[in-house]
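Participant: Sequence:
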Amino acid sequence: MKTLSALVERDSFEVPAFALDHFQKKVRENLHLEFFLARGRLILTPHLSHLTTDEASPTEEERVRSIVDEKQDLLEQIKLYLLYNLSLYSALLETNSYFVAVNEHRLISRFLPYGPGVCEVKLYTLPPGDPLERYGDRIYLGRDCLPLDSPRRPHLGLGYLRQSLPEQVGKLKSRLERHAKAGERAALELVEDLEGLLDEFAQKADAVLRTYPPEISSRALRPETLLEVNRDFRELKHILSDAEILVREMEEGMLAAGAHAARYVTKLRKDLTNDVNYIMLKVNGRINDAVNGIHI
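For the record, in the sequence shown the residue sitting at position 3 is 5 according to our numbering, with numbers rising by one throughout.
Rather than coming from a laboratory, the hints here were simulated on the basis of the structure. Predicted model only: the values in this text are computed from it and were never measured. Ideal placement from N, C-alpha and C gives every residue a C-beta, glycine not left out. Hints should not be assumed to be uniformly reliable.
Below 35 Å or equal to it, Euclidean Cα-Cα: the simulated DSBU-like pairs (lysine-lysine) are [what the hints assert, rightly or not]:
{"hint": "1", "residue 1": "Lys124", "residue 2": "Lys173"}
{"hint": "2", "residue 1": "Lys173", "residue 2": "Lys206"}
{"hint": "3", "residue 1": "Lys269", "residue 2": "Lys239"}
{"hint": "4", "residue 1": "Lys269", "residue 2": "Lys73"}
{"hint": "5", "residue 1": "Lys239", "residue 2": "Lys183"}
{"hint": "6", "residue 1": "Lys28", "residue 2": "Lys73"}
{"hint": "7", "residue 1": "Lys183", "residue 2": "Lys27"}
{"hint": "8", "residue 1": "Lys28", "residue 2": "Lys183"}
{"hint": "9", "residue 1": "Lys206", "residue 2": "Lys73"}
{"hint": "10", "residue 1": "Lys73", "residue 2": "Lys239"}
DEER-style ranges, computed between Cβ atoms [stated by the list, open to error]:
{"hint": "11", "residue 1": "Pro118", "residue 2": "Ala209", "range": "41 to 51 Å"}
{"hint": "12", "residue 1": "Thr55", "residue 2": "Gly117", "range": "21 to 31 Å"}
{"hint": "13", "residue 1": "Leu229", "residue 2": "Lys4", "range": "20 to 30 Å"}
{"hint": "14", "residue 1": "His52", "residue 2": "Ile296", "range": "15 to 25 Å"}
{"hint": "15", "residue 1": "Lys183", "residue 2": "Thr47", "range": "22 to 32 Å"}
{"hint": "16", "residue 1": "Ser59", "residue 2": "Leu229", "range": "37 to 47 Å"}
{"hint": "17", "residue 1": "Ile296", "residue 2": "Glu197", "range": "36 to 46 Å"}
{"hint": "18", "residue 1": "Lys183", "residue 2": "His24", "range": "43 to 53 Å"}
{"hint": "19", "residue 1": "Thr227", "residue 2": "Thr54", "range": "15 to 25 Å"}
{"hint": "20", "residue 1": "Asp201", "residue 2": "His52", "range": "37 to 47 Å"}
{"hint": "21", "residue 1": "Glu72", "residue 2": "His24", "range": "45 to 55 Å"}
{"hint": "22", "residue 1": "Asp23", "residue 2": "Ser176", "range": "33 to 43 Å"}
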């Protein structure tokens with residue numbers, strides 16, 4: 003509830019002008035916003051009716067009704083702001099468009115605090131039907147960082163990947179140590195290899211963050227510098243691709259063993275897939291087009 007309250011305390015969200023394509027429009031029409039309550043979750047439906055997965059307190063109920071009654075325009079702004087960020091700084095929608103489309107473009111966006119002026123957003127899709135009845139059928143798609151003060155992300159959002167990925171591997175290791183059974187603990191040996199790859203990624207990312215200015219664009223950098231940036235991001239992508247292959251191997255072994263803890267590995271594998279696709283499509287692809295003078 004604190005996250006929702008913090009969001010609606012803002013006067014507005016800066017959303018640069020951009021045109022939604024057909025797919026994005028359908029996602030916006032079917033976008034659900036989700037927030038934590040003291041118990042359970044609050045889901046705001048596309049038409050801003052509210053549902054809870056567990057009983058809300060009277061104080062929470064009153065606060066939610068007040069927000070929905072008074073902040074509808076701001077809530078719609080949040081949806082557009084989220085879609086702008088997902089379109090510019092992630093490949094989540096592109097990577098998962100099939101799963102979103104077959105579920106009638108239903109997208110649940112769960113907002114979590116991540117730091118001052120920043121939310122982390124976890125995205126799920128949900129089969130058609132009553133959102134509460136189908137809540138257990140939701141499919142995890144991935145996560146993204148949502149800066150609230152400005153839609154512009156320094157270094158194309160690399161700082162978030164640098165911080166988030168080691169955090170996710172640390173959480174995975176902790177969960178496997180708690181939940182993996184004796185026959186599944188071989189996965190922990192692969193986690194050590196994964197930590198080595200993420201250390202390499204962190205060192206390379208730190209070098210990029212030190213070397214280049216926050217704005218990486220054809221407005222701010224010469225073509226030769228953009229080519230150097232592109233090379234460095236491509237090398238980061240290669241490290242993440244190696245990590246994705248390793249995690250996929252871990253996932254396949256745990257699924258074959260029927261391990262309950264495999265779901266944590268699957269989530270990390272999806273995060274890595276999204277990050278690889280983001281660099282490939284939104285960083286390397288756009289820089290190549292800018293340097294090559296390609297305008298479609």
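Participant: Could you check the hint for me, namely that Asp23 and Ser176 are 33 to 43 Å apart, CB to CB?
Facilitator: 40 Å, holds
Participant: Indicate whether the distance between the beta carbons of Leu229 and Lys4 respects the range 20 to 30 Å.
Facilitator: Taking Cβ atoms as reference, Leu229 and Lys4 lie about 44 Å apart, which means the hint is violated.
Participant: Does the Cβ distance between Pro118 and Ala209 fall inside 41 to 51 Å?
Facilitator: 26 Å, violated
Participant: Check the hint pairing Lys28 with Lys73 against an upper bound of 35 Å on the C-alpha distance.
Facilitator: 22 Å, holds
Participant: With a cut-off of 35 Å on the C-alpha distance, tell me whether Lys269 and Lys73 pass.
Facilitator: 33 Å, holds
Participant: Keeping to a limit of 35 Å between CA atoms, is the pair of Lys269 and Lys239 held or broken?
Facilitator: Holds. Lys269 to Lys239 sits at ~18 Å (cutoff 35 Å).
Participant: Given the hint of 15 to 25 Å, check if Thr227 and Thr54 actually sit that far apart at their C-beta atoms.
Facilitator: 51 Å, violated
Participant: Does the Cβ distance between Lys183 and His24 fall inside 43 to 53 Å?
Facilitator: Check passed, 47 Å falls within 43 to 53 Å.
Participant: Between Lys239 and Lys183, is the straight-line Cα distance small enough, at 35 Å or below?
Facilitator: Status holds; Cα separation ~33 Å.
Participant: Given the hint that Lys206 pairs with Lys73, test it: the Cα-Cα distance must not exceed 35 Å.
Facilitator: 43 Å, violated
Participant: Would you mind confirming whether the straight-line C-alpha gap from Lys183 to Lys27 stays at or under 35 Å?
Facilitator: Given that 35 Å is the threshold and the Cα spacing comes to 45 Å, the pair is violated.
Participant: Confirm or reject the claim that Glu72 and His24 have a C-beta distance inside 45 to 55 Å.
Facilitator: 32 Å, violated
The structure is inconsistent with the numbered hints 7, 8, 9, 10, 11, 13, 14, 15, 16, 19 and 21, although it conforms to all the rest.
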